[in-house]
Amino acid sequence: MINPHPGLPELEYVKPATLVEASQFLAEHNGTAKPFSGGTDCFVRLRDGVLKVDYLVDIKGLDGTKELSFDPKKGLTIGAAVPMNKVATNKDVIAHYPNLAMAANSVASYQLRNRATIVGNICNASPAGDTIGTCMALDGVLNVHGTDGFRQIPLNSFFLGPGRTVLKPGDVVISITLPVPPAGMVGVYKKLGRNTIGDLSIVGVAVLGYPNSKSPSGYTFRIALASVAPVPFEALKAEALLSEKKITEETIAQAADIAMESVTPIDDVRGSARYRKLMVRNLTREAITEVWNQLSK
Amino acid sequence: MAYQRITLTVNDLTETVDVPHNMTLLQMLRQKLSLTGTKNGCSAGECGACTVLMNGEPVNSCMVLAAECEGATIVTVEGLAKNGKLSKVQEAVAKAGGVQCGFCTPGMMISATALLERNPNPTDEEIRQAIVGNLCRCTGYFRIVNGIKEAAKM
Numbered sequence: 010m011i012n013p014h015p016g017l018p019e020l021e022y023v024k025p026a027t028l029v030e031a032s033q034f035l036a037e038h039n040g041t042a043k044p045f046s047g048g049t050d051c052f053v054r055l056r057d058g059v060l061k062v063d064y065l066v067d068i069k070g071l072d073g074t075k076e077l078s079f080d081p082k083k084g085l086t087i088g089a090a091v092p093m094n095k096v097a098t099n100k101d102v103i104a105h106y107p108n109l110a111m112a113a114n115s116v117a118s119y120q121l122r123n124r125a126t127i128v129g130n131i132c133n134a135s136p137a138g139d140t141i142g143t144c145m146a147l148d149g150v151l152n153v154h155g156t157d158g159f160r161q162i163p164l165n166s167f168f169l170g171p172g173r174t175v176l177k178p179g180d181v182v183i184s185i186t187l188p189v190p191p192a193g194m195v196g197v198y199k200k201l202g203r204n205t206i207g208d209l210s211i212v213g214v215a216v217l218g219y220p221n222s223k224s225p226s227g228y229t230f231r232i233a234l235a236s237v238a239p240v241p242f243e244a245l246k247a248e249a250l251l252s253e254k255k256i257t258e259e260t261i262a263q264a265a266d267i268a269m270e271s272v273t274p275i276d277d278v279r280g281s282a283r284y285r286k287l288m289v290r291n292l293t294r295e296a297i298t299e300v301w302n303q304l305s306k
Numbered sequence: 041m042a043y044q045r046i047t048l049t050v051n052d053l054t055e056t057v058d059v060p061h062n063m064t065l066l067q068m069l070r071q072k073l074s075l076t077g078t079k080n081g082c083s084a085g086e087c088g089a090c091t092v093l094m095n096g097e098p099v100n101s102c103m104v105l106a107a108e109c110e111g112a113t114i115v116t117v118e119g120l121a122k123n124g125k126l127s128k129v130q131e132a133v134a135k136a137g138g139v140q141c142g143f144c145t146p147g148m149m150i151s152a153t154a155l156l157e158r159n160p161n162p163t164d165e166e167i168r169q170a171i172v173g174n175l176c177r178c179t180g181y182f183r184i185v186n187g188i189k190e191a192a193k194m
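Line order of the protein sequences matches chains A and B. If you read the first sequence in my numbering, its first letter stands for residue 10, the second for the next number, and so on. If you read the second sequence in my numbering, its first letter stands for residue 41, the second for the next number, and so on.
In isolation and in its complexed conformation, chain A is listed as follows:
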């Protein structure tokens, strides 16, 4: 019988016991070995022949990859092997980072989120990564182990292009740390898919805002956009406007227009570039308005 969906190509499964061992192996087999956690993205690409590797390196047993902890001073640390459902149902996440729970819950299905991870979502560097924007807006920092030991990489300098990051051969991302959110933060994630739930995003908009006495408007907003440029990015000009001008319905509409002008989407099977641009404007306006309504209560 012909199986229309063949299994994975021939490969070797490697499960290193230590970070040093993992980094060494990955460096020695640069280009032919790939670290994985849930595998929800790389298995599909291996099956489709888009990705070719000789070794899959399971990072789930490594130190720090299972950590999920909140420290009132340092913030939240999410290990690379912590599935999204664990993050989305964690009481500290719900209490302090509800927008992250919202973004995680927007990914695919319940059973997929039992395997998919936030760090995996980030390392795939897909322009459409649903949790990336929120992690950027929350000033996430990646904790990385490489052949030279430990180092940190801020998320906003992590992406180079679709599927490309600043990670070097031998690097394993152990976890992401999200600093304690600013007091009074309100955040949302708005996702447009071909259906209400379960699909990849056509446009993803993460917005958060908080009172800030230092900014002329009295508030600071962060706006991160997904699926509308080679990498998820922050709409800095729109953010600047919201901190400079008094926040009104008009300012919000203006910021949404600026956000729309900052994107460079493509036409693809999920939507045209033009549609994406318009949807960035609409969803950004909706998201800022929602955040503002809660902030100004």
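Read the hints as simulated data drawn from the structure, not as lab findings.
EDC-like mimics (lysine to aspartate or glutamate), calculated; alpha carbons at most 20 Å apart, straight line:
1. B:K135 to B:E118
2. B:K193 to B:E166
3. A:K24 to B:D58
4. A:K95 to B:E166
5. A:K254 to A:E270
6. A:K306 to A:E258
7. A:K24 to B:E110
8. A:K24 to A:D63
9. A:K95 to B:E97
10. B:K128 to B:E190
11. A:K95 to B:E157
12. B:K72 to A:E19
13. A:K75 to B:E110
14. A:K100 to B:E97
15. A:K246 to A:E259
16. A:K255 to A:E295
17. A:K43 to A:D72
18. A:K69 to A:E21
19. A:K69 to B:E110
20. A:K43 to A:E30
21. A:K75 to B:E97
22. A:K69 to B:E97
Remember, it's a predicted structure, so these values are computed and weren't measured experimentally.
Go by the hints and put chain B onto chain A.
Frame of chain A; chain B shown alone:
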């Protein structure tokens, strides 16, 4: 081809299996253990026909390497009925007419079982959210949702 010997629990039985490194949990269940209740639909983590419980949580078994399952506890649709008696979810969904061609049913039963385990009284919305990853092209979901709701009352 690299092989690995793994020992795991499948439907309350301890199994020791030699698996090629590139074999998925789904392939192992069907080919090595002849548990063909779990179906291969999309092989891409979208359709949910291959859903099984891994350490108590539903996962797409096409998205898990068998080699990763050392020490794991797996429950497939074959493990839901006890002593020849269908589980509550199986009975209620069958009674509600939630089974037509039956291809999605094994995965659907696993997702529904896991849902009722973590939330014994789900709303319609919560039921629909829980089966987002289980595609059914026959029923329109209505009868399945009704069946799961009935199971919650049993």
